[in-house]
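According to UniProt numbering, the sequence shown is numbered sequentially starting from 1.
Rather than coming from a laboratory, the hints here were simulated on the basis of the structure. From a predicted model like this one, the values you see are computed outputs, not experimental measurements. Check before you lean on any hint, since a few could be wrong.
Only pairs whose alpha carbons sit at most 25 Å apart, straight line, appear in this in silico DSS-like list of lysine-lysine [claimed, not checked]:
{"id": "1", "residue 1": "296", "residue 2": "455"}
{"id": "2", "residue 1": "530", "residue 2": "462"}
{"id": "3", "residue 1": "462", "residue 2": "114"}
{"id": "4", "residue 1": "644", "residue 2": "693"}
{"id": "5", "residue 1": "520", "residue 2": "530"}
{"id": "6", "residue 1": "726", "residue 2": "693"}
{"id": "7", "residue 1": "530", "residue 2": "638"}
{"id": "8", "residue 1": "455", "residue 2": "530"}
{"id": "9", "residue 1": "520", "residue 2": "462"}
{"id": "10", "residue 1": "638", "residue 2": "455"}
{"id": "11", "residue 1": "455", "residue 2": "520"}
{"id": "12", "residue 1": "644", "residue 2": "726"}
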Amino acid sequence: MTLPQLRRTSDDVEGQLQELIRLRNAVIGSRTKKAEFVVEGKVPHLVELLATPIANPTALQVRSLSATILGSLANSSSSPTLLCILTAEAPQALTTALADVASLNALQDGERLKAIESLVRALRSIYVAIASEIAPSPRLGLGPGRAAAGKSASMLRAKISREPAGWYTASADVKMASGSSSDLRTSFKKHSDDTSSSSNLVLLGRSAIDHILSPEVLPFLLGPLFLAPIPRHERVHETLREAKAAANSRPTTPAYAAVVMNSSSRGQDMETASVASSSRMDMDAQMGDGSMALRKQALTIVEMVAGIFSACLGLPGPGILASKAGKSGSSSASFASPAQEIATRRRHLIDFNASGSPFQAIEVNLQDTEAEPIATPSFLSILLAAAESGYPKAQESALWLLCELVRDNADTSVQLFRHQTPSGLLPTSMLLALRNDPSVAVRLAAFSCMANLIKVHPFTAKTSERVLAVLVDLLDESSQGGGEVQVAAAFAIAKVVEDDPRMQAVACTQGPFGYHCVEKLGGLLDQATKTLTEGNGSSTSKAKLTVPSMATSARNQEMAHRLREAVLTALAALSFTRDEIRRQIVDGTTPSLLPIVVSCLSSSSLGTRVAACRLVRALSRSIGVLRTSLVDAGVAEKLVEMIKDETLGEDGEDDELRTQATASICNLVLSFAPMRQTLLDNGGLDRLVSLAKTCTHGPTKLNALWAMKNVLYASELEVKRTVMSKLGFDTLEALARGPSSSTSNERGRDEALPSSLSPSNENSLALQENSLNIIRNLTSSRAGDIAFTLSGFGGATRFFELIEHVIWQRQSDLVTEQAAYVLVNVATGDVSHRRALLRRNNCLDAIVYFAGHPRAEVKVAGLWCVMNLTQGVSAAQQQQAAASSAAAMQTEGAGQEAADVDDSTPFDVEREAVGRLRRYGFDGVLRSLLTSPDADVKDRARALSGRFETKTVATGASSISNERQRSSSGTGTAQAAPPAAA
1 MTLPQLRRTS DDVEGQLQEL IRLRNAVIGS RTKKAEFVVE GKVPHLVELL
51 ATPIANPTAL QVRSLSATIL GSLANSSSSP TLLCILTAEA PQALTTALAD
101 VASLNALQDG ERLKAIESLV RALRSIYVAI ASEIAPSPRL GLGPGRAAAG
151 KSASMLRAKI SREPAGWYTA SADVKMASGS SSDLRTSFKK HSDDTSSSSN
201 LVLLGRSAID HILSPEVLPF LLGPLFLAPI PRHERVHETL REAKAAANSR
251 PTTPAYAAVV MNSSSRGQDM ETASVASSSR MDMDAQMGDG SMALRKQALT
301 IVEMVAGIFS ACLGLPGPGI LASKAGKSGS SSASFASPAQ EIATRRRHLI
351 DFNASGSPFQ AIEVNLQDTE AEPIATPSFL SILLAAAESG YPKAQESALW
401 LLCELVRDNA DTSVQLFRHQ TPSGLLPTSM LLALRNDPSV AVRLAAFSCM
451 ANLIKVHPFT AKTSERVLAV LVDLLDESSQ GGGEVQVAAA FAIAKVVEDD
501 PRMQAVACTQ GPFGYHCVEK LGGLLDQATK TLTEGNGSST SKAKLTVPSM
551 ATSARNQEMA HRLREAVLTA LAALSFTRDE IRRQIVDGTT PSLLPIVVSC
601 LSSSSLGTRV AACRLVRALS RSIGVLRTSL VDAGVAEKLV EMIKDETLGE
651 DGEDDELRTQ ATASICNLVL SFAPMRQTLL DNGGLDRLVS LAKTCTHGPT
701 KLNALWAMKN VLYASELEVK RTVMSKLGFD TLEALARGPS SSTSNERGRD
751 EALPSSLSPS NENSLALQEN SLNIIRNLTS SRAGDIAFTL SGFGGATRFF
801 ELIEHVIWQR QSDLVTEQAA YVLVNVATGD VSHRRALLRR NNCLDAIVYF
851 AGHPRAEVKV AGLWCVMNLT QGVSAAQQQQ AAASSAAAMQ TEGAGQEAAD
901 VDDSTPFDVE REAVGRLRRY GFDGVLRSLL TSPDADVKDR ARALSGRFET
951 KTVATGASSI SNERQRSSSG TGTAQAAPPA AA
């Protein structure tokens with residue numbers, strides 16, 4: 001069948017309409033015809049038809065049909081097709097067409113609703129396609145990644161970052177996923193003159209998101225929400241009445257009650273007025289069929305609009321990349337961060353109400369029993385009305401948008417609590433009531449929304465458990481959605497239990513009334529693995545599959561990969577803080593899950609590999625599991641292979657994989673872990689050093705430094721020499737100097753940092769903190785380690801200049817704490833090291849600053865440093881220092897400073913310390929700490945106070961207990977810890 005030729009003249013509108021009808025019938029449902037249409041370059045002309053002058057109803061139908069065809073092309077589109085649509089500026093043309101419809105008040109209600117529906121439906125298809133190209137789905141995870149993208153439909157291709165940094169778009173699927181032989185490569189190359197096609201697609205996609213969420217365009221998308229009252233299906237009446245009765249008798253937390261009371265005291269504003277409209281929303285049996293048909297059509301428009309915003313609300317615009325690419329007019333470039341941009345969008349949506357709509361509302365004939373319409377209904381009141389309407393598709397769409405609005409956002413949740421649903425329920429009561437809804441998709445959306453709410457607002461433990469119970473039940477729903485329900489439910493369970501040890505324990509309870517999450521999730525993991533194994537059967541059996549069967553098989557494989565990712569993510573969240581759950585995962589399941597987890601590290605699916613790394617990281621937090629099960633399973637070798645993989649590129653997908661792999665390695669290289677040597681022997685250390693030096697992705701660089709910090713923790717001097725021979729002291733110094741600084745080397749201090757170490761990179765303060773922690777571990781816990789470190793930095797003078805620079809930058813308390821512990825460790829050295837520290841005025845001033853710091857941990861470090869400095873020197877240490885004492889004093893410029901201390905000898909370093917610290921006012925600060933509310937600070941201050949009561953301090957003996965003497969000796973002062981939860 002040959003595609004009809006679109007006329008490029010607007011004279012014969014009727015002829016254009018007939019051609020569009022034939023074209024619609026040809027392309028809908030046919031990937032082959034869609035491919036031919038795109039290759040023939042007809043998309044721009046289709047976009048032009050959206051601007052057909054509306055002289056009569058036929059012209060309006062031309063616009064509507066053009067929008068319908070564009071929406072069909074965008075639905076499950078390949079990357080080249082989507083790029084053609086965006087290059088032709090279809091989103092901009094569709095919103096312009098919406099604005100035109102808003103100005104046509106003479107149209108019949110039915111015609112106007114039909115035109116609006118076709119336009120917003122096309123926009124939804126386009127923006128869902130954009131979201132799937134440039135970001136992972138919050139519901140379905142990361143997915144297969146680039147490697148698997150060429151084997152399946154691009155609608156399931158996953159991306160990593162929902163933020164502009166590290167953008168990635170999968171390579172173009174140059175052929176449609178069908179039996180078509182149409183090759184889009186030639187057409188696709190036309191769009192890649194200045195930039196790669198994938199980066200151009202990302203830029204255009206984010207620009208389109210920036211366009212539709214701009215304040216100028218937003219009213220034309222939100223205005224249709226207020227065209228007509230939301231209908232409500234009669235089947236929900238009884239459910240809502242029961243929910244309201246239950247809500248009236250259920251206690252809430254004090255914080256929640258305060259919000260509700262605040263909302264009720266605001267008078268008859270638009271939120272309170274929504275309660276009075278409950279009977280107006282209840283008109284299925286009271287209104288004529290024609291009026292109800294219009295209202296249902298308006299409800300479909302609400303469904304489409306909610307679908308648009310739920311897809312792209314959390315995706316920032318192009319930001320500064322737009323200006324770099326020569327694009328102007330991007331509003332996202334004015335925001336300091338993606339988070340600020342998204343927060344501003346949320347406010348614009350929530351603040352919108354009917355008074356800002358450019359569309360004329362549809363008049364309805366109200367019955368005597370109905371309340372008067374709301375004067376100014378709000379955006380949230382419309383969403384809540386759709387969510388309890390009883391029409392599943394509209395409910396699902398509205399609920400997912402509510403889910404995105406409250407995701408990681410406490411302010412939005414408070415705004416939501418200040419509303420009531422049309423039936424008079426609080427939003428959370430309405431959401432909880434949907435646990436009995438017959439639609440699985442509605443239950444999933446409602447309780448995914450509740451999972452987000454309970455993470456940003458205090459709820460009772462009972463409410464959290466009710467949410468968990470419904471989500472666990474949804475794990476059994478395999479018949480609907482092709483597995484998507486189970487995938488989304490597992491991700492929602494991970495959300496509920498993350499960083500909540502109590503809920504983790506509840507989820508894994510055994511017995512007849514337990515939730516058995518580990519067993520259920522383990523069964524799903526085993527089931528998904530078997531599905532993938534069976535799908536990789538013989539080539540003979542595959543050859544017998546028809547095209548539809550192959551598509552179904554590919555879909556099943558895709559969902560099996562996503563299910564494994566979701567289950568591994570949930571298991572990682574469950575086991576992150578509780579050792580008994582780690583043991584249950586490793587030893588208490590049948591079949592054993594650990595071999596499956598290890599095999600997932602080599603999966604072809606990106607999301608599965610990333611989630612497996614997360615679970616390995618969680619399991620490695622148990623020393624017992626780390627020393628036995630993980631060693632036997634060969635986890636270390638697989639992780640080293642993963643970070644050494646040279647095929648990984650510099651895109652968002654590979655960055656995420658490296659980030660999670662390096663995070664998992666952090667726990668495996670601690671001194672008590674048998675796998676540390678595996679890293680050193682198999683080239684893992686070289687790769688970590690390379691990532692720390694050259695990687696431009698902040699989290700990966702941070703984890704690489706963290707892993708090296710853990711390698712150095714309580715290590716022998718030979719290990720320290722090996723690490724620093726590869727990392728280099730110059731690199732470490734550049735990182736330790738932190739933001740807004742330059743590196744100090746033999747070529748001068750004004751030389752800028754290398755671009756890969758630039759403080760403009762994200763997480764610069766975290767990088768600085770971990771670099772100082774590396775120095776802290778290098779200087780622990782022997783004099784030889786300190787001497788090696790000072791020598792590596794070019795001598796004591798240069799070393800102390802670096803530490804002083806960091807301290808007086810005052811970038812953050814955490815950075816200051818690490819710098820303080822570096823001095824603590826140096827103070828455990830021999831006489832020459834301690835005296836070198838005492839001759840630095842800035843260091844002594846810093847020690848007093850530490851003792852008076854607001855943060856208790858920094859106070860402790862300051863007191864610990866003074867303990868070490870004022871510790872008695874043994875006879876052996878005196879003899880060792882005798883030969884070099886005079887030279888050391890001269891080298892470090894003691895001079896006038898030494899004369900300031902009375903009765904000092906080269907070996908009386910502890911007495912010198914007391915005298916110098918007194919001159920800086922330390923004894924006064926120490927007295928104030930004797931009554932500190934922090935027990936650790938107060939105990940250390942009391943132990944030190946005796947040393948400052950007299951001028952003479954006994955040498956060779958200490959007044960503190962043996963326990964304190966061990967703590968002040970420097971052993972164990974270097975502190976290593978695994979990366980915090982992502």
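field: Straight-line alpha-carbon gap residue 530 to residue 638, limit 25 Å
entry: holds, 22 Å
* Can the restraint linking residue 520 and residue 462 be considered satisfied, given a maximum Cα separation of 25 Å? -> holds, 22 Å
Restraint status (C-alpha distance of residue 455 to residue 530 at most 25 Å): violated, 34 Å
- Decide if the proposed pair is consistent with the structure: residue 296 and residue 455, CA atoms, cutoff 25 Å inclusive. Violated, at about 34 Å.
- Message: Next pair to validate is residue 638 with residue 455; report whether the Cα-Cα distance is within 25 Å.
- Response: Distance ~34 Å between residue 638 and residue 455 Cα, so the pair is violated.
Distance restraint between residue 726 and residue 693, which requires alpha-carbon spacing of 25 Å or less: The given pair, whose Cα atoms are some 10 Å apart, holds under the 25 Å limit.
query: Between residue 644 and residue 693, does the CA-CA distance stay at or below 25 Å?
result: Distance of about 15 Å is within 25 Å: holds.
Next pair to validate is residue 530 with residue 462; report whether the Cα-Cα distance is within 25 Å. violated, 36 Å
Q) Is it true that the CA of residue 462 sits at most 25 Å from the CA of residue 114? A) violated, 46 Å
Between residue 644 and residue 726, is the straight-line Cα distance small enough, at 25 Å or below? It holds: about 16 Å lies between the C-alpha atoms, which stays within 25 Å.
Report task. Verify the proposed pairing of residue 520 with residue 530, using a straight-line Cα cut of 25 Å. Result -> It holds: about 15 Å lies between the C-alpha atoms, which stays within 25 Å.
* To do: Given the hint that residue 455 pairs with residue 520, test it: the Cα-Cα distance must not exceed 25 Å.
  => Holds. Residue 455 to residue 520 sits at ~23 Å (cutoff 25 Å).
Violation of the numbered hints given earlier is confined to hints 1, 2, 3, 8 and 10; the remaining hints are satisfied by the structure.
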